[in-house]
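**Q** Residue numbering for the sequence shown follows the working numbering, beginning at 188 and increasing consecutively.
Please note: incorrect hints may appear among the correct ones.
Stated by the list, open to error - DEER-style ranges, computed between Cβ atoms: (1) Ser-253 to Ser-226: 55 to 65 Å; (2) Ile-212 to Gln-268: 40 to 50 Å; (3) Ala-219 to Lys-269: 57 to 67 Å; (4) Ala-219 to Lys-192: 34 to 44 Å.
These are computed hints drawn from the structure, not numbers from a lab.
Keep in mind it's a predicted model, so treat the numbers as computed, not measured.
Quick reminder that beta carbons are idealized off the backbone N, C-alpha and C, glycines included.
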Amino acid sequence: MLNSKKAQVGETVTWIVATIVLIAILLIFIFASSILAKSKSLKVNLKANSEEDVSWIDSKTQMAYSLNNANRNKIVTWISQKEDLG
């Protein structure tokens, strides 16, 4: 009975120490993040619909359309092959 209690106390102490270490690491991380956030200045370009943005959006849209059409053609081909077999 005594050995069981010693093991239980030892395991409890281990978990308490591990929890304290994790909380300390978390607090250090939050503190370091807040210091870095204060020292870093972000430069944001708030121009709406600039030419670069529009061309980027157009290129992404064209890529999506081409991928969609390619996939659509593959699916139609698969369906027609299944119909020919069945």
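**Q** Which of the numbered hints are not met once you compare them with the structure shown?
**A** 1 and 2
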